[in-house]
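J.: We have chain P already, so just place chain F on it with the hints.
2 protein chains.
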Amino acid sequence: MPDVRKVQVEKIKRGERLRVTDSLVREVPLTIFVNGREYATLMCTPQDLRELVYGFLHSEGLFQSVRDITECGIDRRDYTASVKISGAKKVLREKRLITSACAAVALSRGNLKIAHLAKLPVTLRIRKEAVSQVVHQFQKECELYRSTGGVHAAALSDSKAIISLAEDVGRHNAVDKIVGWCILNSVDTQDKILLTTGRLSSEVVTKAAAAQFQILVSRSAPTDMAVRVAKRVNLTLIGFARGKRLNIYSSPKRIV
Amino acid sequence: MPDVRKVQVEKIKRGERLRVTDSLVREVPLTIFVNGREYATLMCTPQDLRELVYGFLHSEGLFQSVRDITECGIDRRDYTASVKISGAKKVLREKRLITSACAAVALSRGNLKIAHLAKLPVTLRIRKEAVSQVVHQFQKECELYRSTGGVHAAALSDSKAIISLAEDVGRHNAVDKIVGWCILNSVDTQDKILLTTGRLSSEVVTKAAAAQFQILVSRSAPTDMAVRVAKRVNLTLIGFARGKRLNIYSSPKRIV
Numbered sequence: 001m002p003d004v005r006k007v008q009v010e011k012i013k014r015g016e017r018l019r020v021t022d023s024l025v026r027e028v029p030l031t032i033f034v035n036g037r038e039y040a041t042l043m044c045t046p047q048d049l050r051e052l053v054y055g056f057l058h059s060e061g062l063f064q065s066v067r068d069i070t071e072c073g074i075d076r077r078d079y080t081a082s083v084k085i086s087g088a089k090k091v092l093r094e095k096r097l098i099t100s101a102c103a104a105v106a107l108s109r110g111n112l113k114i115a116h117l118a119k120l121p122v123t124l125r126i127r128k129e130a131v132s133q134v135v136h137q138f139q140k141e142c143e144l145y146r147s148t149g150g151v152h153a154a155a156l157s158d159s160k161a162i163i164s165l166a167e168d169v170g171r172h173n174a175v176d177k178i179v180g181w182c183i184l185n186s187v188d189t190q191d192k193i194l195l196t197t198g199r200l201s202s203e204v205v206t207k208a209a210a211a212q213f214q215i216l217v218s219r220s221a222p223t224d225m226a227v228r229v230a231k232r233v234n235l236t237l238i239g240f241a242r243g244k245r246l247n248i249y250s251s252p253k254r255i256v
Numbered sequence: 001m002p003d004v005r006k007v008q009v010e011k012i013k014r015g016e017r018l019r020v021t022d023s024l025v026r027e028v029p030l031t032i033f034v035n036g037r038e039y040a041t042l043m044c045t046p047q048d049l050r051e052l053v054y055g056f057l058h059s060e061g062l063f064q065s066v067r068d069i070t071e072c073g074i075d076r077r078d079y080t081a082s083v084k085i086s087g088a089k090k091v092l093r094e095k096r097l098i099t100s101a102c103a104a105v106a107l108s109r110g111n112l113k114i115a116h117l118a119k120l121p122v123t124l125r126i127r128k129e130a131v132s133q134v135v136h137q138f139q140k141e142c143e144l145y146r147s148t149g150g151v152h153a154a155a156l157s158d159s160k161a162i163i164s165l166a167e168d169v170g171r172h173n174a175v176d177k178i179v180g181w182c183i184l185n186s187v188d189t190q191d192k193i194l195l196t197t198g199r200l201s202s203e204v205v206t207k208a209a210a211a212q213f214q215i216l217v218s219r220s221a222p223t224d225m226a227v228r229v230a231k232r233v234n235l236t237l238i239g240f241a242r243g244k245r246l247n248i249y250s251s252p253k254r255i256v
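Chains as they are written, first to last, in this note's numbering: chain P, 1 to 256; chain F, 1 to 256.
Okay, chain P solo, but in the shape it has when bound:
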């Protein structure tokens, strides 16, 4: 049984604006404690959480045999997993030695930074036809994608043209490259839109809001938490932007 959440969405299709129900995949932060210490927070879909914990910790090299895991308690109210592994002490100690300052990665995988984000103002409004036109342009310019099929792209637009485009194997990296380009070139993001080929997870919405983008557009789907974050920070989140169609998941007033 798929784990989805129903939301109301404004769908634009052949120029018409409809209010319809859409299904979003759920996304939750699962914090894993190993032998009493916080180990990592994974943003994940809340199905098969025990399998996820076992597979993740195995991929991390924390145990060899299933018998090494003497306890694995999963609390589905606050999404925590408490794991006891015999013999993991040495591995855990070594890992800490190698990367003592890696906190950021775990932090950004969690959802801790939303609380610090202020609500975005509504100083940008664009026509729905302009969104479709810019998405079309964006796809034409994704050169690396076309030659290898292996990357995501992100782009900056003034709602008329693509101003900057970045491609990367990681969808987060492509977005970070655009944010970095704006910083390095002193570009005001408040009147621009951010485009991505990737799925809209909560982390991407958080990145966009932290960079003061008011409108984020993707041809892919958002998660439920991405929509919740977008609503909280007053960001216009657009998914499934393909051809003349698009779905507006939050703050639709910026699309006129």
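The set of hints was computed from the structure by calculation and includes no laboratory data. Each hint should be verified, as a subset may be incorrect.
Because identical chains cannot be distinguished in the list, a pair is counted as satisfied if it fits within a single copy or across any two copies.
As the list claims (entries may be wrong) - Within a straight-line C-alpha distance of at most 30 Å, the following computed DSS-like cross-link-like pairs (lysine-lysine) qualify:
no.	residue 1	residue 2
1	Lys140	Lys13
2	Lys160	Lys6
3	Lys140	Lys244
4	Lys119	Lys11
5	Lys11	Lys140
T.: Just chain F, lined up with the frame of chain P:
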């Protein structure tokens, strides 16, 4: 100019087996040092590295104004970035406090674990028609994907049927869920194949090899580093598996 690497690949198309040249997107580990301390390693495409560093560190909340970055040296030989940020001390200290044991995440984003992996044996051989048939079955069963469009899936197959399937917002998580399912159910992975809907980055290949899978299949593209890791550990890496077509990037002898 796209940053790609040409490789030789065995392409299977309408039953014919051809040797062709394919373009793969490049993937490198970029290690970022902030104020002299290792901060994170990002697996990324080696374009726009300065933009990536600025955007990533801004998304992480390490600086507000571009003037706070007093130095940013990028070494393209060993892929390191040395950044000096004025006033980042407090933020860095706080981050360490929150997640003292998060090392694993940074570790798995880097590529440090390949060295520990032994070469996989060649004890499994399957017919190319079986691969196509299993991929077809896999796509039919991706229920959550079809209803939301927002997830990746991974699956386990005995080259006849899909034995287990997992879906998640994260492509790594979906693979981890299958690995965890095998561990929890004492399933031998050596005679099974692992399928994923996601792009084949080096991390996913590493996860598959660590779990002793000999064959990894995706409908998406691999990166150049994914292919290099697959060759090193003797894993059969198959990409672009769609319809009756597929590309074999490494160890083709397992596909007969």
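J.: At most 30 Å between alpha carbons: which applies to Lys11 and Lys140, within, between, both or neither?
T.: Close inside one copy (24 Å) and across copies (27 Å); limit 30 Å.
J.: Give the relationship of Lys160 and Lys6 under a CA distance limit of 30 Å: within one copy only, between copies only, both, or neither.
T.: Cα proximity of Lys160 and Lys6: none, with 33 Å in one copy and 35 Å across.
J.: How would you classify Lys140 and Lys244 at a CA-CA limit of 30 Å: within, between, both, or neither?
T.: both (15 Å within a copy, 28 Å between copies)
J.: At most 30 Å between C-alpha atoms: does Lys140 with Lys13 qualify within a copy, between copies, both, or neither?
T.: Both: 21 Å inside a copy, 27 Å across copies.
J.: At most 30 Å between CA atoms: does that hold for Lys119 and Lys11 within a copy, between copies, both, or neither?
T.: within (24 Å within a copy, 51 Å between copies)
Of the hints listed earlier, the one the structure fails to meet is number 2.
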